[in-house]
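> Can you join these two chains into the complex? Each is in its own frame, and there are hints to help.
Next come the chains, spelled out residue by residue.
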Amino acid sequence: MAEAPTAGSDEGSVDAFLQGGSLKHAPGPYFGSYGGRWMPESLIAALDELEDTFEKAKADPDFIAQIAELNRNYSGRPSLLTEAKRFAEHAGGVRIFLKREDLNHTGSHKINNVLGQALLAKRMGKTRVIAETGAGQHGVASATAAALLGLECVVYMGAEDCRRQALNVARMELLGATVIPVTNGSQTLKDAINEALRDWVANVGNTHYLLGTAAGAHPFPAMVRYFHEVIGEEARAQIIEQAGRLPDAVCACIGGGSNAIGIFHGFLDDPSVKIYGFEAGGDGVETGRHAATITLGKPGVLHGARSYLMQDDDGQTIESHSISAGLDYPGVGPEHSYLADIGRVSYEPITDSEAMEAFRLLCRTEGIIPAIESSHALAGAIKVGQRLAAEAGDAGGASEKIVIVNLSGRGDKDVATAAEWFDLLDKDSAEAAIGKEGEQL
Amino acid sequence: MTGVQNISSTSKSAVAIDKARAEGRAALIGYLPAGYPTVEDTIAAGIALARNGADLIEIGIPYSDPVMDGPVIQAATTEALAKGFAVRQVFDVVAGITSQTDAAVLVMTYWNPVVRMGVDEFSRRLAEAGGAGLITPDLIPDEAAEWMEASDKYGLDRVFLVAPSSSTERMKRTVEASRGFVYAVSIMGVTGARTSVSSAAKGVVAAAKEAGAERVCVGLGVSTAEQVSEIAAYADGVIVGTALVSAIRDGGVEAVASLTKDLSTGLTRK
Numbered sequence: 099m100a101e102a103p104t105a106g107s108d109e110g111s112v113d114a115f116l117q118g119g120s121l122k123h124a125p126g127p128y129f130g131s132y133g134g135r136w137m138p139e140s141l142i143a144a145l146d147e148l149e150d151t152f153e154k155a156k157a158d159p160d161f162i163a164q165i166a167e168l169n170r171n172y173s174g175r176p177s178l179l180t181e182a183k184r185f186a187e188h189a190g191g192v193r194i195f196l197k198r199e200d201l202n203h204t205g206s207h208k209i210n211n212v213l214g215q216a217l218l219a220k221r222m223g224k225t226r227v228i229a230e231t232g233a234g235q236h237g238v239a240s241a242t243a244a245a246l247l248g249l250e251c252v253v254y255m256g257a258e259d260c261r262r263q264a265l266n267v268a269r270m271e272l273l274g275a276t277v278i279p280v281t282n283g284s285q286t287l288k289d290a291i292n293e294a295l296r297d298w299v300a301n302v303g304n305t306h307y308l309l310g311t312a313a314g315a316h317p318f319p320a321m322v323r324y325f326h327e328v329i330g331e332e333a334r335a336q337i338i339e340q341a342g343r344l345p346d347a348v349c350a351c352i353g354g355g356s357n358a359i360g361i362f363h364g365f366l367d368d369p370s371v372k373i374y375g376f377e378a379g380g381d382g383v384e385t386g387r388h389a390a391t392i393t394l395g396k397p398g399v400l401h402g403a404r405s406y407l408m409q410d411d412d413g414q415t416i417e418s419h420s421i422s423a424g425l426d427y428p429g430v431g432p433e434h435s436y437l438a439d440i441g442r443v444s445y446e447p448i449t450d451s452e453a454m455e456a457f458r459l460l461c462r463t464e465g466i467i468p469a470i471e472s473s474h475a476l477a478g479a480i481k482v483g484q485r486l487a488a489e490a491g492d493a494g495g496a497s498e499k500i501v502i503v504n505l506s507g508r509g510d511k512d513v514a515t516a517a518e519w520f521d522l523l524d525k526d527s528a529e530a531a532i533g534k535e536g537e538q539l
Numbered sequence: 440m441t442g443v444q445n446i447s448s449t450s451k452s453a454v455a456i457d458k459a460r461a462e463g464r465a466a467l468i469g470y471l472p473a474g475y476p477t478v479e480d481t482i483a484a485g486i487a488l489a490r491n492g493a494d495l496i497e498i499g500i501p502y503s504d505p506v507m508d509g510p511v512i513q514a515a516t517t518e519a520l521a522k523g524f525a526v527r528q529v530f531d532v533v534a535g536i537t538s539q540t541d542a543a544v545l546v547m548t549y550w551n552p553v554v555r556m557g558v559d560e561f562s563r564r565l566a567e568a569g570g571a572g573l574i575t576p577d578l579i580p581d582e583a584a585e586w587m588e589a590s591d592k593y594g595l596d597r598v599f600l601v602a603p604s605s606s607t608e609r610m611k612r613t614v615e616a617s618r619g620f621v622y623a624v625s626i627m628g629v630t631g632a633r634t635s636v637s638s639a640a641k642g643v644v645a646a647a648k649e650a651g652a653e654r655v656c657v658g659l660g661v662s663t664a665e666q667v668s669e670i671a672a673y674a675d676g677v678i679v680g681t682a683l684v685s686a687i688r689d690g691g692v693e694a695v696a697s698l699t700k701d702l703s704t705g706l707t708r709k
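Listed in order, the protein sequences are those of chains A and B.
The numbering of the first sequence is my numbering, which starts it at 99 and goes up by one.
The numbering of the second sequence is my numbering, which starts it at 440 and goes up by one.
For reference, chain B alone in the conformation it holds in the complex (with noise of 0.2 Å):
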């Protein structure tokens, strides 16, 4: 193995999933579009995250072209943007959380936006907000020389995606490329909520930690503490999206809260 476990101990992800670790259970992450439905709302929504169980947090940045999110996050994301979203503005809330809390912060981003504004500089800015690294869902280890150069350069980590679908060779290509933890795709399909986790998700688990991987944390699909429970008893930990956004909508940041509060309790392992 390369270097991937040597920086991994500098990694804000994998400090994060390392206490959940220690304390007996997987990690919570927690998506939230920034914007939606303003910034400020996006940041106090983050705090009340990280208050009330997640470890991890994610700040998705509006995008036009959003392929690999379903209709709700769309939605926000569209929303967000008509009213003025600017893509800097996602270091304010990556900054306005980290200065609150201790939750590692990730930007979850397309990758567009980061080449528009150049590489080096996005992930300047983003270390120096306090962020904790990206994740890309349209960008694969492949393409991905230039982040991996800034990433080094601003310590930040990379999480790339693996899929039922990805070969053993690609599993461990990803795995390798990645510093913080990996992100298993628990079904071939986009965001948004469904009522059972793909049996699918386990076998990705289990081809990344073949593949090496030291931590694996599975997103898509989970919305419940009960399939939080079921994915907690053999990931690391357990990304929640959709049903957060759809209870910022309904229910503003006090809902966010609650809902984050009953998800934690599926974390701790049986």
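This is chain A alone, in the form it adopts within the complex (with noise of 0.2 Å):
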């Protein structure tokens, strides 16, 4: 994995956004040459069935009325946008606008993609979900959808996972889903989602596979960026209300990458705004130990979509590293691969460090405890401040930069994590004991 990026070769889509075309609402199966359906022929109608279900949905303004009643008096939205006066003066003295997808219900952006879909579950008639989950954050968004709309919930999450993550096991279970370790493969997020398709395929009858991020065959690429477009739409407002223009760039962190194309969407047809999503650079891009997918992969066809994919030279899929669960998957969405390839956005790689000391930051200078994988996207708006800072010059111009962070989650289940990494547990606690296997309360 020791090549240089491969990022930047795609056809020069580019100039036909800057030329008045539009890269909002991209309908897929194809983003460029990314997309697709490289699935299971037994699928294909449960495919078939989701995305007319979908078309028909966005255009009924019943549907609409309930995501956003949903979205109102469910999830809290729309979610805050606090400016960062403290922290930003550690970013070049630029503004820094966080998007506080932390507050809304179940601690994450996750709970927008889970509530659009399990309506569509409902209205296709199903009566069970599965999902896959890493760290449990999807899995527990997941069985609060399910039980709030009275749906059978399955979670498929890597046994390794599952002890190491036992209280969001528990909060699953005491949610009413039944989580299922998996043990075949290198039980983690990618075997979890191996088997949640192998369980959709015996059960497509009665079950929807509730995806959790914005990759996959189609519909769930497009998708996915649909439900989790309200937080750009949200962010560019507000931005616009609270600052009188619109940002001069826009952060997020990258894992499959659905809470940065849900933020970016809101900003893609305004060229004023440079877009970043940040990958995990897990112990350093160079060691091999990553999950800088679009950095490092090459185009490749996982979990039914083509896209970037972490992969040896036989097209085996490589394991990922990051102290970020929700970031440490092989894979990404493929819209993102389009993004990267016409430039519309940077992909860089944070490495570990660098997202846990942003993490401690925003704990001191604002009183947020961020999800260490926002921390990624916090830990890249400090070196894009910077940039902005160093091209304002010394005529005090940073000050005029805006960025906003998308702030995907809260870290209240970090905490152990980090107080493992910052070393603030006696030794003999049994807190120093959950934190060195990982986990997150």
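Here are the computed lysine-lysine pairs in the BS3-like style, where the Cα-Cα straight-line distance is at most 30 Å:
#1 Lys396/A - Lys522/B
#2 Lys458/B - Lys611/B
#3 Lys611/B - Lys154/A
#4 Lys396/A - Lys592/B
Far from chain B, some chain A residues (derived; all Cβ distances over 10 Å):
#5 Lys122
#6 Ser370
#7 Ser451
#8 Thr463
Here are some chain A residues the structure puts well away from chain B; computed CB gaps all over 10 Å:
#9 Asn171
#10 Thr180
#11 Gly223
#12 Glu339
#13 Arg343
#14 Asp381
#15 Glu384
#16 Ala487
The set of hints was computed from the structure by calculation and includes no laboratory data.
Note that CB positions come from ideal geometry on N, CA and C, so glycine has one too.
Next up, the structure:
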């Protein structure tokens, strides 16, 4: 994996974009040469049914109203846009605003997607939803939506993750879901997806696969983005209201890329806004222990879509590594691969160390404990802010620059990991033992 | 109908199935994962399959994310990968079997290993090794433009899958894109032995024939001579996978030979 970055080679669609074309609302199945349906024939009928149901729902005022009502009175939307003045002092003195997805019900952006898909499942007459989960965040969100809408819920989770995330397993079970530990393959998130797909093939008659990110076969990437577009729409309106203009840059973290595509979407057609996606650099991209899929991966097909992929010379998927379970995935949503190739979005890796420093900084300067996932976006925003400040020069223009960071989730789940990282625990405490195992409380 | 019929006369899979048909029976298709437990064992077991009644042989490429496989095949391919199986070794397996037998040897593969090597390069090497074509569980004709071109160029069979859930329109499209035979999935599920063959299988075969398929073979869940016999009554071929993998796991090449012999007793149409 020590090869040079390969992004930046696709057809020059950024020109079309600059000439007045739109990058918003890309319908799929293809985003440039990415996306599609690399799936067993057995599932194509279900994907067709889902696509059809989704398209009809989008055009149905009742569905739109239902989503809006849930967003407002259940999730707590619109989420706030908070200026982080003390944090911004460490980012070259630019203005930094946080899009507070951490304040949503269940603590992250994930709720937007699960409510939308669970409603679609009901529309299709399905009585059961299945989901994959890594650290447990999407599993908890899925169990939440299933409980709210009266659906049976089964969550596939790597056996190792189940052990490390015992409290999230308990959370899902409290919400009425069944958690099935996955013991085959590498026992990680990608294997949980494999097992969910096997379940779906066998039970597709009554079951909807509630995929947790903007990846997978069509219509998932475009559909998951649709449910998260509210993030970007709100942020765009809020920054204009609060600062009187569009931002200079928008930053988000990228695992599969759902929170990122949600906020990016609001700004894709604003040429003055630079957009940055921050991947998990793990121990450093030079070590091979990372999840920087776009930075170092090559195009391939996995879990139903053609996209950048961490793979070896034989096309076997490579294990990803990140301190953040939510970014620890060897693939990425196909729309991100396209946006990388046409140069609309810049994707850069952030190491575990950089993310954890940004995590601590936000805690101490703003009184907000961010998810470690979102801390990658914060670390990236510090770099972007410093670059913008350097460009602005000594004339003091830095304070005129504006950066929005998508704070995709809260860090309560990450407290034990952080305490271990910063060596805050008494060596003999139970919490220290938990932290060593990576438990996310 | 398009060129499907014309080209099929040169299809190795079609020739093997037609030979069985001429003998008044269905064809037997046996699956083995390459490199399990070793590459040499796969070659020996493939030869044993051919010499004990299999007309076609499916060699699976071990892959990190086999979403259509049940626990037995997953365990075997995971072990092969752990022992260092490399994709290029599948050509050694194919050449090893085709040099010793008349069986048509297909490769069954998830698509990414082919993409990584390059569809044209993979196809060229498969043809050189004497391979008949590819069975592609996660490649549908909609995404197969590159493979259509390469398979035409190198004269390889394109075996796509049809399922109980396939619409009439998709069935027609898949049948038209296929060459050699069409793989009818007997059940909505993944690979693995089952006590009875789903009644859906017969319907899928009928629908594929209705859509114009000349040769339809049934797979998933078939493990006994009785099940072979049941399917042979209405299909052109019967595909056995998991049972053979269990056999090689528990009893090596000899067990593969004796299971094949037993399965082949079910082929003759009553």
